[in-house]
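**Student:** Letter by letter, the chains look like this.
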Amino acid sequence: MPNILEVKELVKKYGDFTAVKGVSFNIEEGEIFSLLGPNGAGKTTAISMLSTLYTPTSGDATIGGHSVTKDPMSVRNIIGVVPQDLALYEDLTARENLIFWGQMYNLNGKSLNTRVDEVLAQIGLTDKAKNRVKTFSGGMKRRVNIGVGLLHKPKLLFMDEPTVGIDPQSRRAILDTVKDLNKQGMTVLYTTHYMEEAEELSNRVGIIDHGRMIALGTQKELTQQVGQSETLILHLEEGANPEALAKSFNGIKGVDNADASDHAVTIICPEAEDVLAAVVSKANEQGVKIRSIDIREPNLEAVFLHLTGRALRD
Amino acid sequence: MLKTFLIGLKDLRLAFRDRAALLLMLLAPFLLTIGMGFVTGRFSGGTSGISDIPVILVNQDNAQLGNALVDLFNAPELADLMEPTASSDLETARQLIDNDETAAVVFIPKGFTESIIPKDGQTLSDEIISIEIYTNPTRPTSAGIVQTIVEEFLSRVESGSIGGQVTMAQLITSGRVAPQDIPAVGEAMSERLSSSTTEPVTAIKLKQNEVGGEAIQFDVLAYLAPGMALMFLMYTVSYGGRTIIAERIQGTLPRLLISPTSAAQILGGKIFGIYLTGVAQLGILIFATTMMFQLKWGNTLGVIVLVLAAVFGATGWGMLITALARTAGQVASVGSAIMLIFGILGGSFVSLENLHPLMQNLSKITPNAWGLDGFTTLALGGGLADISTPVSALLLMGAVLFIAAVLLFNRQGIAQR
Chain A
2 MPNILEVKEL VKKYGDFTAV KGVSFNIEEG EIFSLLGPNG AGKTTAISML STLYTPTSGD
62 ATIGGHSVTK DPMSVRNIIG VVPQDLALYE DLTARENLIF WGQMYNLNGK SLNTRVDEVL
122 AQIGLTDKAK NRVKTFSGGM KRRVNIGVGL LHKPKLLFMD EPTVGIDPQS RRAILDTVKD
182 LNKQGMTVLY TTHYMEEAEE LSNRVGIIDH GRMIALGTQK ELTQQVGQSE TLILHLEEGA
242 NPEALAKSFN GIKGVDNADA SDHAVTIICP EAEDVLAAVV SKANEQGVKI RSIDIREPNL
302 EAVFLHLTGR ALRD
Chain B
90 MLKTFLIGLK DLRLAFRDRA ALLLMLLAPF LLTIGMGFVT GRFSGGTSGI SDIPVILVNQ
150 DNAQLGNALV DLFNAPELAD LMEPTASSDL ETARQLIDND ETAAVVFIPK GFTESIIPKD
210 GQTLSDEIIS IEIYTNPTRP TSAGIVQTIV EEFLSRVESG SIGGQVTMAQ LITSGRVAPQ
270 DIPAVGEAMS ERLSSSTTEP VTAIKLKQNE VGGEAIQFDV LAYLAPGMAL MFLMYTVSYG
330 GRTIIAERIQ GTLPRLLISP TSAAQILGGK IFGIYLTGVA QLGILIFATT MMFQLKWGNT
390 LGVIVLVLAA VFGATGWGML ITALARTAGQ VASVGSAIML IFGILGGSFV SLENLHPLMQ
450 NLSKITPNAW GLDGFTTLAL GGGLADISTP VSALLLMGAV LFIAAVLLFN RQGIAQR
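Those protein sequences? They're chains A and B, same order as listed.
Heads up: the first sequence begins at 2 in our numbering, then just goes up one per residue.
Heads up: the second sequence begins at 90 in our numbering, then just goes up one per residue.
No lab work stands behind these hints, which were simulated from the structure alone.
Keep in mind that a hint or two might mislead.
[Claimed, not checked] For lysine to aspartate or glutamate, the following EDC-like pairs were computed, each having C-alpha atoms within a straight-line distance of at most 20 angstroms:
1) A:Lys283 / A:Glu239
2) B:Lys385 / B:Asp107
3) A:Lys129 / A:Glu91
4) A:Lys283 / A:Glu298
5) A:Lys71 / A:Glu10
6) A:Lys290 / A:Glu244
7) B:Lys92 / A:Glu244
8) A:Lys131 / B:Asp107
9) A:Lys135 / B:Glu166
[What the hints assert, rightly or not] Covered stretches of chain A, going by a simulated chain B footprint (3 or more residues, C-beta under 8 angstroms):
10) 195-207
11) 212-220
12) 234-243
13) 272-281
Every value quoted in this text rests on a predicted model; they were computed, and no experiment measured them.
The beta carbon of each residue, even a glycine, is placed where N, CA and C say it ideally should be.
Looking at chain A on its own, in the form it has when it is part of the complex (with noise of 0.2 angstroms):
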């Protein structure tokens, strides 16, 4: 398939600080791709520039053959942005808000009435339309805000941590969202530093950290970067020092790497059955009970581990 998006070295620096350094990658026609990296990792920035809200500081990327940087406005009429915070008139009702962003993306008439009930009907909110937007609950918020990227059926539909904050029954809905529409032709850039996400949804995912891009390919490809290794995860009762404890398992021998996060402790291994012994010794030795145990095959997160030596929520 060819490639509907091409980014070359981009560069984005605010005064003596760089967002985003020199990154690069491309997405081919009827992708989901997903740029998965913790907060402050440079993703929302990157995709602010993709959708020519900022200006690159250097570098340049194509999308449908159209630069961002040289006919910004060619760009906006083919991507369509579904914004991480929500960016909605709370005060209009939903059809409302839809009425007008979509005679911001140059629909009227009939076809601009008629594509606003596809679309409530798309997002489950057509008993709704004629409620005020600060009337709903987070999710239906959230899918009013999906909604309106969707309007003008953008070639390219830029998904900005779409998921942050909101009910697990939400956030199911919005995933099989991103599917559907990826199935109905669509392609997808979705940002998330949920790794799960990442990898249910994503034919190919970019790992981006301290605005550099320090991985890239499918999960398969990225995952054979750390081996066969295992990632053992101990969930510890409150009141745990998970650093310390973290810090006594990097001496055990067969751990290839352990850090800590909240109330818990992630240990990359070749065999996590063959240090889990010497791992719940060493916690008991410290008098840290232990609440579960979890044992995970190769993923993203112990890819992004690997690469970093920080778990993706750090």
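Since the structure of chain A is provided, determine the placement of chain B on it from the hints.
**Tutor:** Then chain B, alone, in the frame of chain A:
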């Protein structure tokens, strides 16, 4: 252009769905107008908050028209409004202006009547001797009322004189009057003309016919209502400006910027929205005070033009405040402060006449002062031509402020990207 219009309409709709904004845009000026109306006695039998305007009449003409004008100022119909004093010396009278002891001096020069109505055997001179009005700059409203009365009088004299000349020409052309008989016929006509203008009551009655059957009166509400409306117009424009920053923070402005809509269309739409809201606010207040208090705002076309110009000037201020502010809170606090300062400076609370001359000069930077000047002129019976100065000043003010605001927006970027 269409998107600019749509963004403006959206902002108008949002403004009228914001209950807190509605309270300040409509209810507050309305209630304050009523409150100040009670304080000034407008609702308790009093007919005017402006009364006993001191005016010095220097009548050196001492002929039919000059005397008619003096009689007009002394007419019972104007007894509450005017406090005329006769004087024979112009310099002494002007000194009273300098001492702020009178609002205006009306000087009727010698030969004024003769320059309009020739004596027996004389012909009309090319130049009409003009009445001179010396106004007190610290009492613009009172001086404006004096000027309006004189203008109305002269308007009647002029229309009568012109009518006479046309008639004479027609008589000569038709051969009904021989050229040598012109002086005699002219004198007869002059007598008729003067007989109709020497009666002050007649002059006022003629005025009544033009403004719908009421004598020259100044309703204090015609000063208070626009004063309050203009003051809270400043709230509306700062509220509108605040929505630009609010949209920036809530993400709708960035979302607009990544739609196929240019920054100029968006900024234009936001400005148009503020403008529409301001026009709607003044329109509703004017309609409400007209319906509820039978307030006469004056010439309809003049009121419309003045509303459009006043909102334009005020919107310029709103945009400049927004362009300079970093946060919505800054716009709100600066906007509220400017609303009050402009309200005081512009004469919404205290007549400009009572302010220090320096403050009166400062008031020229406010849309309130110019707007109030225009609304007062219209309420006193002025027409579109009479408000050309305030309208021009407001348009110029708006244009200069818009240019400054747009330059600032261009420099920092509408979304501060």
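**Student:** So which of the earlier hints does this model not fit?
**Tutor:** 2, 4, 7, 9, 10, 11, 12 and 13
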